[in-house]
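Counted the way numbering that gives the first Met the number 0 counts, the sequence shown spans residues 0 to 125.
These are computed hints drawn from the structure, not numbers from a lab. It is possible that some hints are incorrect.
In the PhoX-like style, the derived pairs of lysine-lysine whose C-alpha atoms are separated by at most 25 Å in a straight line are [to be verified]:
#1 K106 with K21
#2 K106 with K3
#3 K106 with K92
#4 K22 with K106
#5 K3 with K92
Beta-carbon label-pair distances, calculated as ranges [as the list claims (entries may be wrong)]:
#6 N84 with T31: 31 to 39 Å
#7 N85 with P119: 20 to 28 Å
#8 E26 with S1: 22 to 30 Å
Note that this is a predicted model, so its numbers are computed, not measured. We treat Cβ as the ideally placed atom computed from N, Cα and C, and that holds for glycine.
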Amino acid sequence: MSSKIGGLRTTVYKVPDMDAAKKWYSETFGITPYFDEPFYVGFNVGGYELGLHPEGEESMGERTANVYTYWAVDNVEEMYAYLLNNGATELEKPTDVGEGIILAAVKDPWGNALGIIDNPHFNIVE
């Protein structure tokens, strides 16, 4: 096999209200979408994609937090407070997990798990 797996590229959140989610993520991340269609909205977040996908009535089940995507930040406590003040709800309080790595997670207004991490072993891509 000549193909190999590379780094992560895209995280997609399903949302019932694309316009509200697009507005919330634009304001929260301080960026506008690079791709904006009714069937998909994509944001370039430091070279990685955050996608929004419309969620139909048939898939409006309970959300789970089985998989987290952690977005790089330079101050977890500050960003955690910012997210909570802007409509997110608490999921995982800021925690120092060792070796200078601090992480936390919230739920966006649609119940999707949104993790944040300060990991000094990786540089934040601007």
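Hints, one by one, checked against the model:
Proximity of K106 to K21 is assessed by CA-CA distance (about 16 Å); at most 25 Å being required, the pair is judged to hold. Among the hinted pairs, K106 with K3 is inconsistent with the structure: their alpha-carbon atoms are about 32 Å apart, more than 25 Å. Between K106 and K92 the CA atoms are separated by roughly 12 Å; this keeps the pair inside 25 Å, and the hint holds. Taking the CA atoms of K22 and K106, the gap is near 16 Å; set against the 25 Å cutoff, the hint holds.
Simply put, K3 and K92 have alpha-carbon atoms about 35 Å apart, too far for the 25 Å limit, and the pair is violated. Separation of N84 from T31 is about 21 Å and departs from the stated range, judged on CB atoms against 31 to 39 Å. Checked against the hint of 20 to 28 Å, the pair N85 and P119 passes, with Cβ atoms roughly 26 Å apart. A beta carbon spacing of about 43 Å between E26 and S1 contradicts the range 22 to 30 Å that was offered as a hint.
The structure fails hints 2, 5, 6, 8 (numbered hints given earlier, in ascending order).
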